[in-house]
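For this one, chain H is given, so just place chain P on it according to the hints.
The lines below spell out each chain.
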Amino acid sequence: MGGVIVYGSPISTCTARVLLCLEEVGAEYQLVPINMPIGEHKSPPHLARNPFGQIPALEDGDLVLFESRAISKYVLRKYKESGTDLLKEGNLAESAMVEVWLEAESQQYNPAISPIVYQSLVVPKMRGGAPDQAIIDSSLEKFKKVLEVYEARLSKSKYLAGDFFSLADLSHFPYTRYLMVTPYASVFESYPHVKAWWEDITSRPAFKKVSAGMLGS
Amino acid sequence: MASVTVYGTPLSPAVSRVLACLFEKDVDFKLAPVDMAKGQHKSPDFLKLQPFGQVPAFQDELTTVFESRAICKYICNKYPEKGNQTLMGGRDGGLLAQTSVDQWLEAEGQSFNPPSSALVFQLAFAPMFGFKQDPAAIEQNEAKLANVLDVYDRRLGESKFLAGDDFTLADLAHLPNGHILVSKNEDLFMSRKNVGRWWVEISARPAWKKVVEMQNAPLG
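Chains as they are written, first to last, in UniProt numbering: chain H, 1 to 217; chain P, 1 to 220.
Extracted from the complex, chain H is given alone in its bound form (with noise of 0.2 Å):
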């Protein structure tokens, strides 16, 4: 048995990033279940993995990390010789703007649409609690600037970073995955060139496979 050791879970958004770049670069991996519902992630166990209590870990041998967006960038890079390349760190203006686009995903994208995710999916089926519609609200008002950003630049280039697929592209699917299934899918409707980029990067093979392990599939 080789490969890398993640620990998460497949429906988890965070544990989807890693596990995206697991399957486009074809490396072998194992995915170790935490147990969120019984507080596993809390565990000294997993503390010992992720001191912030969360998932993902990856485990490579000695070498242990946690943070998605970290731990893909490990992977993208170990495994660089499979011919995948969504980094583009030989070429200084390219990577640029894949870490130009990855920080807009961080600090833009994921606090406008993760408060909408959270409130009209994980509250009602994972908590058993009623969605908070004035977070919704205000949130879908953020998040309809940042895809007016975001439309525009798709206007004139393939992907976020250029005419080439990477991890900015790939950072944003968890969950833009889970809003697909909610009512507010429908958002995208007036933004065309993210609709089609969305679309597009939803075919790769990879994304299928994970998808299929999150929720409402």
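Treat each hint with caution, since some may be false.
What the hints assert, rightly or not - Listed next, the stretches of chain P that the computed footprint assigns to chain H, with coverage defined by at least 3 CB atoms under 8 Å from CB atoms of chain H:
no., stretch
1, 54 to 66
2, 74 to 88
3, 104 to 118
4, 148 to 157
No lab work stands behind these hints, which were simulated from the structure alone.
Positions of the beta carbon are idealized from the N, C-alpha and C atoms, including for glycine.
Below, chain P without anything else, positioned relative to chain H:
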């Protein structure tokens, strides 16, 4: 003649993050002011540089970059031989060192930044701009930040800096919000032995002191 221009005010945490990196790397730059009170950051010309209408924007000859952490990485990649050589994991650190920096820079961006930015807004910017403070938001974010700093305290008990033995971008990224928070409530950092030790060390760096001088410089 500097080929680098940073757009924004040094008082903006994100702008000061980039300035700290430029000083660490000894890269000359020009600071171009952006009049946010007059809405310059939403002008069509500015939106060409930064489509989200935020500061900083950054230009190096013909290359434009935005998002402060991406700008810092660009500076390190474009000027590998200048100034501080360990910001992204050291000359011979290889993949492991670089990954450790990435990991702790993500921790800053994902775990430290949201509650610390909320507190910076409440404690510094709200009073400055005449907004009403929200005590519940202050309490909630102090609690979240306390949990993050507890993790940091354990880490910094085992490691000199967040990513390892050297000061890196992962530490640098904390300087802007840390500086403001420590000025408002130093207890948050200084009551934790290892975080306190780390904070004193990173905030004493000459590059950061130059940024603070710029922040304190009289306007005009």
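request  = Take the stretch 148 to 157 of chain P, compare each residue's beta carbon with every beta carbon of chain H, and decide whether three or more fall closer than 8 Å.
outcome  = Since three or more residues must qualify, the claim that chain H covers the stretch 148 to 157 of chain P holds, with 4 doing so at under 8 Å.
request  = Quick one: see if chain H covers the stretch 74 to 88 of chain P, three-plus residues with Cβ-Cβ under 8 Å.
outcome  = holds (count 3)
key: Stated coverage of the stretch 54 to 66 of chain P by chain H [criterion: 3+ residues, CB within 8 Å]   = It holds: at least three residues are needed, and the stretch 54 to 66 of chain P offers 3 whose Cβ sits within less than 8 Å of chain H.
task = Count residues of the stretch 104 to 118 of chain P with a Cβ under 8 Å from any Cβ of chain H, then say if the count reaches three.
result = holds (count 7)
This entry satisfies every hint, going by the numbered hints stated previously.
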